[in-house]
Every structure is written in structure tokens, then in C-alpha cells.
Amino acid sequence: MPSIKDKERIIMSEELARLLADLKEAEAIGYVEKALEQGTDPLDLLEGAKQGMNIVGQRFADADYFIPDLIFSGEILKGIIAILEPRLKNGKGEEAERLGKVIIGTVAGDIHDIGKDLVVFMLDVNGYDVTDLGIDVPAERFINAIKETGSTVVGLSGFLTLAFDSMKETVEAIREAGLRDDVKIMIGGGQINEQVRNFTGADAYGKDSVEAVKLAQRWIGG
Amino acid sequence: MEKKWEEMSADEKQEAQFQKLLVPQDPEGNDLQFQSQEAEVNYKASINRIKDAVQLKKTPDRVPVTILPSMFPYINAGMTVEEAMYDYDKCTEAFNKLILELKPDMNIGASAPGPGKFYEILDYKLYSWPGHGVKPEHCYQCNEREYMTAEEYDLLITDPSFYFRNFYLPRVFGALEGFTMLPPLTGILEMYGVAFSFIPYALPPVQGTFKALFEAGAEALKWAMAMGGSDLQLKSLGFPNILGGFTKAPFDTIGDTLRGTKGIMVDMYRQPDKLLKAMEGLVPIMIGMGIGASQQTGNPQIFMPLHKGADGFLSDEQFKKFYWPTFKQVMLGLIEGGCIPFPALEGSWGSRLEIIQDIPKGKTMWMVDQTDMGKAKETLGENACLIGNVPSSTLKLGTPDEVKDYCRKLIDTVGKGGGFIMGNGAFFDEAKLENVKAMFDVTREYGTYE
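Residue numbers (the working numbering), protein chains in the order written: chain Y, 1 to 222; chain F, 223 to 672.
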């Protein structure tokens, strides 16, 4: 039986999760401020915010939410974290157990980041530990990141036709480094399809961030 | 007696534009001398083909075919994008060679690379280009940032030109820093006090900016002369460039380069009324941009690259509220002005087809990227000409036979009854020439109407 105190904590975090998931910015921020004044543990509020982001991710996957909703939820979260952070003793508190590690980056020569950022966001809210290498990432940096993090999934993003070659070269370089059997590689971006996947030697392609999550789930579990 | 332009209906204006295209002129205003009778016949046949495809009144003699490339003509010629941007003669030579080889019914000119030196003179920060952030062999790419801050909507709404000159332009062009010191032109009213408005022009940063402008203008002109020469030569050989200029949907104007994707999407929540008001304010400006360019070039097609209205970017409700109304108004204004809006549905737009179908019939042409062409034909295609949608991946990685199969299917479905122009779906840099040629060959062989 949870204690009355525990029940209160659950209700508090559920309420914040609801406000964040419904994208009520002013209410969510107001709720956090008031709860802190009343002595609520900031860790409970952080947990609520995380739950809220999970709901947002789910609504996006269900096509109830679209990119503006996703981006705005991230902005609300930023506002909540800014209030909570100074009050959390150990930085962001205890990191919840993550399902697995994924590396994401836009391949060499390409500096487009909107699609990549959405994939990072969705993997993160779905519980994966994501290493975002940014844009214009040379193959060596993917290889170093695989070695350093032990990630088992690598996502290559690219918008331009030049990215087809960069993706192929990156997959090739991972193979030459002897790491190809340790990772599953997914690709995605504007003109990417099965034909491009076949050309690059990647394991799969996804047409959007929701498919990226499905691939990670298939390969890692979760 | 001929009707005056202002008295014409939109139908009559469009017809007059096509008649003007059929009798092209040289820069001195005389009838253009074609290099052969065959060139003249081909030129006119192409214009008529495009006209029939756009107007949807009758089928053309065959499906028109075009290529809408990004850096392909230059990479195909074995040069780097950097060379194409800095050597205008080499750039136009490569473009003309490709056009003569493919013989498209319309082309968009060699202006895609743009003048590299010009961007250097103005210290352009909005894009990275070869030698300035990207490799010599790669295309320029946009550096998306919040060049307009969330607090600046009132400034933009009150006086867009002042906002652009004093705030936006100095942020995207390093050499235009001096603009920040200039007072509004609308303060220049009467003798008393008029001189005050001119004092800033004596200041060294402002003078530095004007010197850079003179230099940039000279470079732009040099480049434009090369482009114009290339156009004229292709025209005289029978290959029309009928692109008149470009403009944008107001949501993209603000979302692409002013507030950025993230900025505009947050604004939809935090300050929707200001965003809507700013977009309404941009409608006449975007219309004027298209009509002005069309008058300058004498060509009616006004290209509109569409970005943030694609599937997935916005919900249908958001699209109907924020994207569609002002986009539609811009198209209607262009049509009233005798232009042919030429929007490009970049990405996939399947969920928007029924909404965007609500436009005057036979007045627009749409470049289609990954939208299902069958569905596009049944909806948007009822009222508009469709161009596309041969995939970049097939052009780069496929075989000529695969390209031909794809094109035959397009001709069978989308080409049915006219209103279709064969072409690539997205602007592309790299492809196999044999694949591009296959797109042209199969359209000429298979795309004839009875």
C-alpha cells in the first residue's frame, strides 16, 4: 500500500505530466513553481515532466501531434528544467534506466538537422540513450563514438543526394573498422528509400522519426 | 482595339503572356532571330505544349518534358560546384551543353549556382557554400537560425522594409552592418528637419556598406549578363526558359529564414495572432515580388518552393489555419497579375491535396516530389498541371530501364487527358546522365497523345 505521502507524490507528478502533455505552458510552469513552494521534491516534478514527454511522444507516434507540438513540448520542458535544475542536488537527478544506446548524426557534407533532431527527440522520449553527433559528421567520428559508447544502433541522416555516397562510405568505414557486426545501421532523410538503403549497405531505412523508434525497438527491444 | 492590360481578365492576361512567349524578343526589343527554321518550330511547339498542359483545355501533342536540376548540369560536366559558382562562363557552357543534349520543352536557366564572388563581397552568412563551409564539390546549404527574434513581430508588421533593412539584412550579410544606422525613409517629409535624416550617410560604417553594395551590384550584373546571354542563345536554338522569378508562401518566408522552423512553430503557440498578422502583411509583398520579377524577365512562371506545409510538419488544422490561407492569397494575386504560380510540393503532400485543390482551374503548375501521383491527379490535377515526379534515387542509382518503366507509368496515369509535364520530383545534384536521358527518350517515344 503506498503511503498518503506517496499517493500525493504520484498525483503531483501525474498532474504535471498532464499539463505538459496537453501543452499548457503557463499552467505547467505555474504548477511547478507552486508545487516547489509547497515543498514538493523537485525529483518528483522531474519525473512528472518525463512522463509528460512520453505522452507527447506517444501522441506524435499516433499522429495526434505534429512537429510544432513536439517542438513546443520541448520548449515547455526546457522552462521546467530551468526552474528545477538549481534545486536538484545531483544535476538532473538519477537517470532512469535506459533501454539501449543509439548514435545519430547527419553524414559528411550535409548540414541539414531538422529531421535528425526529430529522430533524436523521439528516441530520447522513448527511453533510449542517444549520442547526437550533430551535422557534417565524418565516418571516423561515427566509428569513435561506437567504440566509446558501445552503442549497438547507428542512425545516419541526410537530405541531399550527396548523402547517398557519404552514407555508403560511412557504412563501409564501419565495416573496415571491424565494427559492422556489432551495430545495426538505419538511414533516413528527404530522398531516402529502399533503393538508397540497398546502395549504402545499411540494415534498414525509416521514412520518419516514428519509424526510427520502431527500428530501435526491433533491434534493441523496449 | 486591343484591351489594356488592366482591363483584361485573368484568363486573357494568361493568354496574352503565352502569345508574348510565342513571339520572343531580343534585348533590343526586336523579334528574336532564331538560328534555324527548325529552332523556331521547336521553340513554338514547346511553348504550345506547356501552354496546353497548363491550361487544361486540350491535350498537347505529347507530354512535355523538362529537367529541374540543382547542381546536376555542372557536376555532370565534371566541374565542382565551386567552379560553377565562380566561373560564370564555365557555368553557362555546362548548362547549355546539357540542354542541347536533352532538348527539354522548358528550362530554368543556369542561375542555380549563383555568383560566388557576390556572396563573398557581402559576407553572406545565411548559407554555407563551396570554400565557405562546404567542400568544393558540394552544393550550398542553408544555416538555419533565428535571424528574427521572437520579440520582433511588431517591427516586422509595422514596416517590413525597415525591418528587413535595419535588422534582418545586417544579420545575414556581414557587409550590410551599416544599414543598422539608417533612419526610416518615411521620416523624410519636408524642408524643416529633412537634413537630419541624411546625416548617417556620412558615417564610415554606412559608407562602407554602400561601397560593398556598389561592388556587389557590379558583380551581380556581370553574372546576370552571363545568364542572359546563355538564355538568349538557348532560346535562339529553340529551347525556352520561361521561369519568370520566384516568391514564397508567407509561412515559409517567416519559417525558413526569419524565425526558423523551431521559432515559427513555437510562435504558433506563444503568439499566434502576431504570426498570422505578419503573414497577412507579407501577402501583398510576396505577390509583388512575383509580379515584379515577371515584369523584369518577361516570363510568367513564378516558382514557389514550399517547405513547411508538407505532410507531418503541421496537423491538418494547423495547415488550414497557418499555412494555406496566405499561400492561397499569394497564388490568387499572382494569377490576377497574369502570372502562373509554379509551387513545388517538396517532400510528400498527400494529406493536403484536397485542401490545395481549391484554386482556379488551368492557372497553376505544381512540381510534385514524393506525393502519390495517382492521388494528386485525382485531386489537385483536376484543376492544375502537375510536373514530376521521377525520384532522385532512381536517377542516381537506378538503370535507364527502371527510369523508363517509372515514366511510362506516369504517362499512363498522370498523363491521361493532359495536364502533365514529365520531370524530376526534387532538385538534384547527382544522377547518371543515361538515366536522365532515358526520362526524355521515353517521354518522346511513349508520351504522344492521339
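Read the hints as simulated data drawn from the structure, not as lab findings. Backbone N, C-alpha and C fix where the C-beta goes; we use that ideal spot for every residue, glycine too. Check before you lean on any hint, since a few could be wrong.
What the hints assert, rightly or not - Examples of chain F residues toward chain Y, derived with CB under 7 Å:
1. Glu305
2. Leu322
3. His360
4. Gln363
5. Phe418
6. Val488
7. Phe535
8. Leu536
9. Ser537
10. Glu652
11. Leu655
12. Asn657
13. Lys659
As the list claims (entries may be wrong) - Derived coverage of chain F by chain Y (criterion: at least 3 residues anywhere in the stretch with Cβ under 8 Å from a Cβ of chain Y; other residues may be distant):
14. 227–240
15. 346–358
16. 446–454
17. 489–498
Each hint tested on the structure:
Nearest Cβ of chain Y to the Cβ of glutamate 305 of chain F: about 16 Å, over the 7 Å cut. The hint is violated. The beta carbon of leucine 322 of chain F comes no nearer than 24 Å to any beta carbon in chain Y, farther than 7 Å, and the hint placing it at the interface is violated. This hint holds: histidine 360 of chain F has a C-beta 5 Å from the nearest C-beta of chain Y, less than the 7 Å allowed. Of the supplied interface hints, the one on glutamine 363 of chain F holds, with its beta-carbon coming within about 5 Å of a beta-carbon of chain Y, less than 7 Å.
A least Cβ separation of about 43 Å between phenylalanine 418 of chain F and chain Y goes past the 7 Å threshold, and the interface hint is therefore violated. Restraint check, valine 488 of chain F versus chain Y: the minimum CB separation of about 5 Å is within 7 Å; hint holds. Hint status for phenylalanine 535 of chain F: holds, given a least beta-carbon distance of 5 Å to chain Y, under 7 Å. Taking 7 Å as the C-beta cut-off, the interface hint given for leucine 536 of chain F holds, the closest approach to chain Y being about 6 Å.
The beta carbon of serine 537 of chain F is positioned within 7 Å of a beta carbon in chain Y (closest approach about 4 Å), and the interface hint is therefore held. The restraint placing glutamate 652 of chain F at the interface with chain Y holds, with a minimum CB-CB distance near 4 Å, inside the 7 Å limit. Hint on leucine 655 of chain F is violated. Least Cβ distance to chain Y is approximately 14 Å, over the 7 Å limit. Taking 7 Å as the C-beta cut-off, the interface hint given for asparagine 657 of chain F is violated, the closest approach to chain Y being about 12 Å.
With a least beta-carbon distance of about 18 Å to chain Y, the hint placing lysine 659 of chain F at the interface is violated under the 7 Å criterion. Given as covered by chain Y, the region 227–240 of chain F fails the check, having 0 residues with a CB less than 8 Å from a CB of that chain where 3 are the minimum. For a cut-off of 8 Å, the count of residues in the region 346–358 of chain F with a CB near a CB of chain Y stands at 4, and the three-residue condition holds. Taking a C-beta to C-beta cut-off of 8 Å, the region 446–454 of chain F contributes 0 residues in contact with chain Y, too few for the three needed, and the coverage statement is violated.
Counting residues of the region 489–498 of chain F whose beta carbon lies closer than 8 Å to any beta carbon of chain Y gives 3, which reaches the threshold of three, so the coverage claim holds.
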